[in-house]
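Working from the sequences, and respecting the hints, build out all of it.
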Amino acid sequence: MNEMVNISRTDYFPTMVYQFDLPDPDGLNAQLIDLIYREREADKLGVTKSNTAELGSWHSNTNLHKSKDYSAILSHIHEVGGHISDELGYARDHELSVTTMWSIINPPGNGNRMHVHPGAIWSGVYYVQTPEASGDIEFVDPRTALLMNQPKYLPKRKRPRNCWTKVNYKPVAGRMLFFPSWLYHGVDSNMATAPGRNADRVIISFNINQVKKK
Numbered sequence: 044m045n046e047m048v049n050i051s052r053t054d055y056f057p058t059m060v061y062q063f064d065l066p067d068p069d070g071l072n073a074q075l076i077d078l079i080y081r082e083r084e085a086d087k088l089g090v091t092k093s094n095t096a097e098l099g100s101w102h103s104n105t106n107l108h109k110s111k112d113y114s115a116i117l118s119h120i121h122e123v124g125g126h127i128s129d130e131l132g133y134a135r136d137h138e139l140s141v142t143t144m145w146s147i148i149n150p151p152g153n154g155n156r157m158h159v160h161p162g163a164i165w166s167g168v169y170y171v172q173t174p175e176a177s178g179d180i181e182f183v184d185p186r187t188a189l190l191m192n193q194p195k196y197l198p199k200r201k202r203p204r205n206c207w208t209k210v211n212y213k214p215v216a217g218r219m220l221f222f223p224s225w226l227y228h229g230v231d232s233n234m235a236t237a238p239g240r241n242a243d244r245v246i247i248s249f250n251i252n253q254v255k256k257k
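My numbering numbers the first residue of the sequence shown as 44 and each following residue consecutively.
Keep in mind that the hints were calculated from the coordinates and are not lab data. It is possible that part of the hints are untrue.
[Stated by the list, open to error] Here are the simulated lysine-lysine pairs, DSBU-like style, with alpha carbons at most 30 Å apart:
#, residue 1, residue 2
1, Lys209, Lys199
2, Lys109, Lys201
3, Lys111, Lys92
4, Lys209, Lys92
5, Lys87, Lys111
6, Lys201, Lys213
7, Lys257, Lys111
8, Lys255, Lys109
9, Lys111, Lys209
10, Lys109, Lys209
11, Lys201, Lys92
12, Lys201, Lys111
13, Lys213, Lys195
14, Lys109, Lys87
15, Lys109, Lys213
16, Lys92, Lys213
17, Lys87, Lys195
18, Lys195, Lys209
19, Lys213, Lys199
20, Lys92, Lys109
[Said to hold, decoys possible] Per label pair, the in silico range of CB-to-CB distance:
#, residue 1, residue 2, range
21, Glu97, Pro161, 21 to 31 Å
22, Met234, Val48, 19 to 29 Å
23, Lys201, Val48, 21 to 31 Å
24, Lys201, Tyr133, 31 to 41 Å
25, Pro194, Asp136, 36 to 46 Å
26, Gln62, Lys92, 18 to 28 Å
27, Gln62, Thr187, 19 to 29 Å
Where is the CB? At the ideal position from N, CA and C, for every residue including glycine.
Structure follows, in C-alpha cells:
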C-alpha cells in the first residue's frame, strides 16, 4: 500500500455555537417564570413569528430588554457577548449589545418553524423551564449545495463532525446558546407530559448587534 504524502487539510468558514451554563440558575429562573406568565396574562394574543400560535404557542413583544425586570438575565447575556467580542477580535470601540429580546411559552404540541433572524449578528436562547421531551433546537447546515447533493458515507458509522448537515441541542434550564443570526434553526414539538404549566417549554430569546460604545 502506497502512503500518500504531502497532503494537508485546512478548514475554513466555521459555524460557531457558544454555550454558557449559568451557575445556580434556579432563583433567577423562578423570577423569570413569574415575569413571563405575567406578560402573557397582560397580552394574551402576543405576536406570531416562528411560533405555532394557532396551536397555543405564545410569543411576547420584542422589547423585554428595555425593562429593568429583566436586567439580571440581560447582564449574563452581555457578559457572554463581551467574551465573544474579545475572543473573535471585534473592534474595541464597539460592543455586542441586545437589540431585541422576547419570551416564548410552548405548551405541549408546540414548536418553532425553521427560521433565521435578519438584521442581527448573533442570536441566542436562554432556557428558563425545560421539562423532559419539551423540544430540541435544531441547526441545519447553511451550505445549500451539501443539502442538495450529499455524498454517501459508510453505513452504521458516525460521520466526522465537519460532515454533519444538522445538529440538535437538548434544552437545559439555566443554559444559554449563542449562534450566528443567519443560521437556520427550528424547535421540535413539545412532547412533555408533566402536569399543568410544568409541561410548558419556556425560553427567552434575543438578537445582538455591535453598537458604538458610549
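Hints and how they fare:
1. Lys209 with Lys199: 17 Å, holds
2. Lys109 with Lys201: Between Lys109 and Lys201 the Cα gap is close to 45 Å, so the pair fails against 30 Å, i.e. violated.
3. Lys111 with Lys92: 25 Å, holds
4. Lys209 with Lys92: Roughly 22 Å between the alpha carbons, so the hint for Lys209 and Lys92 holds.
5. Lys87 with Lys111: 22 Å, holds
6. Lys201 with Lys213: 19 Å, holds
7. Lys257 with Lys111: Holds, at roughly 20 Å.
8. Lys255 with Lys109: Satisfied, since the Cα-Cα distance of roughly 18 Å is no more than 30 Å.
9. Lys111 with Lys209: 37 Å, violated
10. Lys109 with Lys209: At roughly 34 Å apart (the allowed maximum being 30 Å), Lys209 and Lys109 break the hint.
11. Lys201 with Lys92: Between Lys201 and Lys92 the Cα gap is close to 35 Å, so the pair fails against 30 Å, i.e. violated.
12. Lys201 with Lys111: 46 Å, violated
13. Lys213 with Lys195: 27 Å, holds
14. Lys109 with Lys87: 20 Å, holds
15. Lys109 with Lys213: Judged against 30 Å, a Cα distance of about 29 Å means the pair holds.
16. Lys92 with Lys213: Holds, at about 22 Å.
17. Lys87 with Lys195: Status violated; Cα separation ~48 Å.
18. Lys195 with Lys209: 16 Å, holds
19. Lys213 with Lys199: Holds. Lys213 to Lys199 sits at ~23 Å (cutoff 30 Å).
20. Lys92 with Lys109: 20 Å, holds
21. Glu97 with Pro161: 21 to 31 Å: 23 Å, holds
22. Met234 with Val48: 19 to 29 Å: The hint (19 to 29 Å, Cβ to Cβ) is violated, given that Met234 and Val48 are roughly 52 Å apart.
23. Lys201 with Val48: 21 to 31 Å: Given range 21 to 31 Å: holds, Cβ gap about 28 Å.
24. Lys201 with Tyr133: 31 to 41 Å: 34 Å, holds
25. Pro194 with Asp136: 36 to 46 Å: 45 Å, holds
26. Gln62 with Lys92: 18 to 28 Å: Since the Cβ atoms of Gln62 and Lys92 sit about 24 Å apart, the hinted range of 18 to 28 Å holds.
27. Gln62 with Thr187: 19 to 29 Å: 26 Å, holds
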